Structure formats: C-alpha cells, structure tokens
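A.B. asks: Next come the chains, spelled out residue by residue.
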Amino acid sequence: MKRMSTAAPVSAARSLRRWPARLDFLQSATGLALGLFMWAHMFFVATILLGNDAMWTVARMFEGYFIFGRPVYGLVAALVATIATLFVVHAALALRKFPASYRQYRTYRDHLKEMRHEDTTLWYWQVVTGFALFFMASVHLYIMLTRPDRIGPFESADRVWTDLMWPLYLVMLFAVEFHGGVGLYRLALKWGWFEGDGSDATGVRRKLRFFKWALTAFFLVLGLLTLAAYMKIGMDHAPFYGQHYVPSAVGATGVTP
Amino acid sequence: MNSVTDSAPPRAANPPADAPQRMLHFHVLRHDPQDPVSIPHFDVFELEEAPGMTLFIALNVIREQLDPSLAFDFVCRAGICGSCGMVVNGRPGLACRTLTQDLPAEISLAPLPAFELIADLSVNTGKWMRGMSERLETWVHSLGQEVDLARLEARMDPELADRIYELDRCIECGCCVAACGTARMREDFMGAVGLNKIARFALDPRDHRNDEDFYELVGNDDGVFGCMTLLGCHDVCPKQLPLQTQIAFLRRKMVKAGL
Ligand code: HEM
Ligand code: SF4
Ligand code: SF4
Ligand code: FES
Numbered sequence: 001m002k003r004m005s006t007a008a009p010v011s012a013a014r015s016l017r018r019w020p021a022r023l024d025f026l027q028s029a030t031g032l033a034l035g036l037f038m039w040a041h042m043f044f045v046a047t048i049l050l051g052n053d054a055m056w057t058v059a060r061m062f063e064g065y066f067i068f069g070r071p072v073y074g075l076v077a078a079l080v081a082t083i084a085t086l087f088v089v090h091a092a093l094a095l096r097k098f099p100a101s102y103r104q105y106r107t108y109r110d111h112l113k114e115m116r117h118e119d120t121t122l123w124y125w126q127v128v129t130g131f132a133l134f135f136m137a138s139v140h141l142y143i144m145l146t147r148p149d150r151i152g153p154f155e156s157a158d159r160v161w162t163d164l165m166w167p168l169y170l171v172m173l174f175a176v177e178f179h180g181g182v183g184l185y186r187l188a189l190k191w192g193w194f195e196g197d198g199s200d201a202t203g204v205r206r207k208l209r210f211f212k213w214a215l216t217a218f219f220l221v222l223g224l225l226t227l228a229a230y231m232k233i234g235m236d237h238a239p240f241y242g243q244h245y246v247p248s249a250v251g252a253t254g255v256t257p
Numbered sequence: 258m259n260s261v262t263d264s265a266p267p268r269a270a271n272p273p274a275d276a277p278q279r280m281l282h283f284h285v286l287r288h289d290p291q292d293p294v295s296i297p298h299f300d301v302f303e304l305e306e307a308p309g310m311t312l313f314i315a316l317n318v319i320r321e322q323l324d325p326s327l328a329f330d331f332v333c334r335a336g337i338c339g340s341c342g343m344v345v346n347g348r349p350g351l352a353c354r355t356l357t358q359d360l361p362a363e364i365s366l367a368p369l370p371a372f373e374l375i376a377d378l379s380v381n382t383g384k385w386m387r388g389m390s391e392r393l394e395t396w397v398h399s400l401g402q403e404v405d406l407a408r409l410e411a412r413m414d415p416e417l418a419d420r421i422y423e424l425d426r427c428i429e430c431g432c433c434v435a436a437c438g439t440a441r442m443r444e445d446f447m448g449a450v451g452l453n454k455i456a457r458f459a460l461d462p463r464d465h466r467n468d469e470d471f472y473e474l475v476g477n478d479d480g481v482f483g484c485m486t487l488l489g490c491h492d493v494c495p496k497q498l499p500l501q502t503q504i505a506f507l508r509r510k511m512v513k514a515g516l
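Protein chains in written order, with the working numbering: chain A, 1 to 257; chain B, 258 to 516.
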C-alpha cells in the first residue's frame with residue numbers, strides 16, 4: 001500500500017501542522033498540574049486549622065528547614081516560579097478559546113440562554129473565572145515570589161488582615177475552586193478518562209459531575225474556614241504586626257498575641 | 258377529536274381519551290430571506306392537543322388549517338431522514354420524534370441556527386453536510402488499490418461491523434451542530450457530526466488512511482482540537498450516538514499522531 005496522491009509536505013509546514021496537537025495537550029497538562037496543585041495547596045494552608053505549629057511546620061518543610069537546618073527561601077521561590085510559569089503558559093493557551101469578538105461572545109451568550117444546558121453554562125463561567133484569575137492570581141504569585149520569607153502563621157495572618165489581602169483571597173477562592181473544579185471535570189470528559197469501554201458514558205458523566213460539585217463544596221468550606229482562621233489570628237496579632245512566629249516547642253519566649 | 262385515540266401508543270402518561278385536551282400555543286419564527294420586505298418575527302398558532310401528537314402532526318395541522326404558507330421540512334416522519342431538525346423551546350431536536358405531551362403548552366419553534374435559512378423552519382443542512390463531507394473526505398479511501406467488484410469482499414469481524422454500524426447511524430440532522438457552542442461561535446468548526454464520521458472511517462479496515470492522514474483532516478482547531486467538550490452534541494443527538502466517547506477517542510488518537 002502506498003500513498004499516491006500527495007507529495008511529501010515540506011518539513012516546516014509539517015511541523016506547523018503538529019502544533020495544534022501539542023497546544024491542546026499542553027493546555028490540558030498545565031490545567032491538570034494547576035488543578036491538582038490548587039487542591040494540595042488548599043490542604044497546606046488549611047493546616048492552620050490544626051494549630052499554628054502545624055502550619056509553621058509545613059511552611060518550614062517547603063523551605064527545606066528540616067533537611068538543611070535553616071530556611072532556604074530560594075526553594076519556595078523556585079516552586080512559585082514553576083507554578084507561575086505553568087500559569088502563564090496555561091493562560092496563554094486559554095486565550096485561543098476565548099470568544100474572539102463581541103459577536104462571538106453574544107452568540108455564545110444567546111446560545112447558553114436558549115439551550116439551558118449545564119455543561120455549556122459551566123464553560124461560560126469557566127472562562128469568566130479564568131479571566132478573573134489572570135489578575136488575582138498574578139498579584140498573589142508576585143507577592144509569594146518576592147517575599148518567600150514571610151510565610152508562617154503570624155506572617156501570613158498579618159498579610160491577610162493588616163495588609164488587606166483577605167478581600168482578594170475571598171474572591172479568588174471562589175474563582176479558583178470553580179474554575180479548577182470545572183476544568184478537572186472537563187479534562188476527564190475531554191480525554192475519556194474513567195469511561196471504561198464507553199458503554200455508559202452518560203452515567204459516568206453524571207457521577208463525575210456529582211463528584212465535581214461535592215469536591216467544590218468541600219474545598220469552598222475548607223477554604224472559608226481557613227481564611228476565617230487567618231483573619232482571626234491577623235486581627236489579634238495586628239498590634240504586633242511583622243513579628244515572626246516562634247513555635248511553642250522552640251521557645252517559651254515565643255511571641256503571643 | 259376522539260376518533261384518533263385508538264392509534265395513539267398506550268402510554269401510562271397519556272391522559273384518558275375523554276379528558277379535556279390542552280390548548281397549545283406554537284410560537285413559530287417566521288422569515289423568508291428571499292423576500293426583501295420580510296423581517297423575522299414570531300407567529301402564534303393555537304391548536305388543541307391530540308393524544309400522541311408529535312410536532313410533525315401539529316405543524317401539518319397548522320399548515321392545512323391555519324397558514325398554508327408555513328415552511329418546514331419532513332420526509333420520513335420516523336427519525337430516519339434527518340430533515341425535520343428544529344429548535345424546540347431552545348433545544349435542537351427532531352420534530353417528528355418530539356411528542357407535544359412532553360412539552361409545556363407554550364411551544365417555541367425556530368429554525369436550526371448555524372445553517373443557511375431557506376424559510377421559516379426550513380434550513381439547508383444538506384449544503385452544510387456536503388461541504389463537511391468534501392472537506393473531511395468522508396468516504397472509504399482504498400488508497401492505490403483497485404476495487405474489484407467481481408470479488409467477494411474481505412470478511413469483517415461481526416463485532417467490528419457492529420461498532421462501525423453504530424456510528425453509521427448518524428442521519429445528518431444537524432442537531433449536534435446547532436447545539437454546539439463552539440460551532441455557533443466558529444463557523445468553520447466541523448462539529449460532532451464530522452468528528453464522528455472520521456472516528457467511523459478510522460475504525461473501518463477498508464479505509465486505508467492512517468492516523469497521519471486523518472490528522473491532516475481533523476488535527477486542527479477547526480477539528481477535534483477546537484472542541485471544548487461542552488457535550489451539547491451528545492445530549493441532543495436524536496440517534497443517541499456516543500459522541501462524548503468518540504470525540505475523546507479521536508482526540509487521544511490525534512494527539513498521539515501529532516505530538
Ligand atoms: C490566567 C488565569 C487562567 C485563565 C485565563 C484560564 C482559562 C481557562 C480556559 C478558558 C479554559 C478552557 C480551555 C478549554 O476549554 O479547552 C481553561 C481550562 C482549564 N483550566 Fe484554566 N485558566 C486560568 C488559570 C487556571 C488555574 C489557576 C487553574 C488551576 C486551578 C486552571 C485549571 C484549568 C483546568 C484544569 C482546565 C481544563 C483544561 C482542558 O480543558 O484542557 N486554570 N482555563
Ligand atoms: S451525530 Fe446525531 S445529532 Fe449529529 S447529525 Fe448525526 S444524528 Fe444528527
Ligand atoms: S463536545 Fe461540545 S464543542 Fe465538542 S462538538 Fe460537542 S457540543 Fe461541540
Ligand atoms: S421527518 Fe425524517 S427525521 Fe423527522
């Protein structure tokens with residue numbers, strides 16, 4: 001058997017044609033990495049609910065404190081830089097999917113209202129929240145990148161309360177949980193994960209959607225409790241703004257609010 | 258209208274034959290693009306519901322008794338020809354397969370978007386489908402091999418034949434295209450109908466095109482990578498084709514071919 005009709009394409013044109021596959025793959029890969037990081041991140045910050053010492057331990061762990069015996073802030077900065085890179089690549093790729101004109105936007109809106117179809121509506125909100133994350137996540141990432149030395153029970157709480165980050169975090173919590181949740185759900189459908197032999201794709205989808213909402217609800221509750229905890233600590237610690245936390249095991253001289 | 262009840266399918270949900278029937282209001286989008294003075298508007302037709310009434314029956318009653326100028330398409334009235342697709346209360350579907358008893362009393366009917374409007378509820382899906390078929394070359398390519406009509410065809414595994422047949426049940430009604438947010442926004446998107454066809458020929462051993470060849474056809478943003486997995490297509494397809502599974506299958510295959 002041989003191909004008779006077309007001559008072999010010029011190699012430059014050939015590699016050009018491969019890019020849609022790579023971009024689609026990268027969109028999903030960065031989305032997956034960010035989505036999973038988002039959930040892990042929520043558990044890390046939520047350790048504040050277990051007490052200041054627990055959160056302190058997690059923060060030091062990321063600085064390699066327990067390996068090197070001293071905090072290496074560069075490790076944190078490197079992790080933030082990695083996430084920021086994923087974030088920028090993901091956002092750049094997502095731009096391909098945005099409505100490209102007001103006409104397209106209008107068409108989609110009208111279509112969404114007529115169809116009253118959950119997945120069609122979810123995509124719209126995914127785009128809206130993704131757009132909002134452009135700005136909100138950038139602020140957060142920049143601060144983490146430039147002040148990796150100020151992460152801890154008091155340090156973070158001061159930022160949340162005295163530095164007035166809580167309104168941003170509150171809105172960002174809803175945006176990121178919604179966007180990431182829908183994104184991971186869509187990712188599973190897009191690539192046909194969990195579908196088995198495909199004989200019950202609709203049933204699998206119904207279950208996935210249930211899981212998605214359940215997880216979103218769980219992380220929103222966890223996130224709100226966590227944010228409230230930092231706000232409370234930050235409020236109490238406001239007169240001592242800037243003082244570092246010293247874990248109870250290390251010093252009885254530890255600063256208490 | 259009592260006399261028609263006998264032929265109605267015995268459904269538990271059906272009201273008893275002597276129960277008073279609902280008055281239905283059909284809000285039908287009217288427009289004739291050939292007529293320079295025509296402006297799109299809704300006409301409202303009132304009709305008494307009959308047991309087992311489909312939109313096909315209702316529209317014919319309207320045309321016979323209320324407005325002979327109403328344009329709409331039907332051929333088979335059995336969900337086979339794919340010509341009666343329209344937007345029913347916002348969702349694309351086949352008029353001949355839609356029972357009025359499953360709808361509220363206020364029913365809005367509009368032509369399928371994304372296709373060229375002929376008049377009122379009639380659209381030119383054929384033209385769109387032909388364009389798609391030519392673009393995607395949706396026929397068996399026996400590259401370089403002469404087809405010998407005198408010889409028996411090579412045997413095919415019955416299970417494979419079933420899988421191909423399953424996808425071949427597409428009637429090209431266009432509902433999946435009208436239900437797709439991507440297709441609505443981006444006119445060149447080939448829609449679930451096109452992707453399903455490629456998935457079908459990719460299965461067929463008589464088609465000698467390989468993944469590289471299919472990649473040339475659908476490995477781009479008008480093809481499988483343009484699909485945003487909104488799954489409107491899957492949810493409205495009147496033939497219940499496994500579009501969700503097929504598009505995911507094609508996406509995995511095409512990413513492998515393209516990476
Ligand atoms: C600048 C910020 C962001 C923008 C503009 C953005 C935008 C988008 C858009 C438009 C999509 C839909 C793509 C498609 O339908 O193929 C998407 C998918 C996705 N996003 Fe984001 N996003 C952003 C940040 C994030 C973040 C921080 C996360 C992690 C929580 C995330 C996780 C995902 C996931 C998992 C998907 C699914 C990927 C796929 O469908 O292939 N995104 N994003
Ligand atoms: S895939 Fe389904 S909805 Fe689309 S044209 Fe074929 S039968 Fe109609
Ligand atoms: S999954 Fe969505 S975007 Fe893809 S073809 Fe179906 S309706 Fe269109
Ligand atoms: S009339 Fe043929 S599908 Fe409805």
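Treat the hints loosely; a few may be bogus.
Claimed, not checked - Okay, the calculated bits of chain B under chain A, using three or more residues with CB under 8 Å as the criterion:
(1) 301-309
(2) 339-349
(3) 465-479
(4) 489-501
(5) 507-514
Claimed, not checked - Taking beta-carbon pairs under 7 Å as the criterion, some of the chain A residues facing chain B (in silico):
(6) Ala-77
(7) Arg-106
(8) Glu-114
(9) Met-115
(10) His-117
(11) Trp-123
(12) His-140
(13) Gly-198
(14) Asp-200
If you're looking for bench data, these hints aren't it; they were derived computationally from the structure. Fair warning: this is a prediction, and the values are worked out from it, not measured in the lab. Quick reminder that beta carbons are idealized off the backbone N, C-alpha and C, glycines included.
A.B. asks: Would you mind marking each hint as holding or not holding in the structure?
C.D. replies: Now for the hints, and whether the structure bears them out:
1. 301-309: With 0 residues closer than 8 Å to chain A, the segment 301-309 of chain B misses the three-residue bar; violated.
2. 339-349: holds (count 3)
3. 465-479: holds (count 7)
4. 489-501: Satisfied; 5 residues make the cut.
5. 507-514: holds (count 5)
6. Ala-77: Ala-77 of chain A check fails; min Cβ-Cβ to chain B is 32 Å, beyond 7 Å.
7. Arg-106: This hint is violated: Arg-106 of chain A lies away from chain B, its Cβ roughly 10 Å from the closest one there, beyond 7 Å.
8. Glu-114: This hint holds: Glu-114 of chain A lies near chain B, its Cβ roughly 4 Å from the closest one there, short of 7 Å.
9. Met-115: 6 Å, holds
10. His-117: 5 Å, holds
11. Trp-123: 5 Å, holds
12. His-140: Violated: closest Cβ of chain B sits about 27 Å from His-140 of chain A, beyond 7 Å.
13. Gly-198: Because about 4 Å separates Gly-198 of chain A from the closest Cβ in chain B, which is inside the 7 Å limit, the hint holds.
14. Asp-200: 10 Å, violated
Figure legend: structure checked against the earlier numbered hints; hints not met, in rising order: 1, 6, 7, 12, 14.
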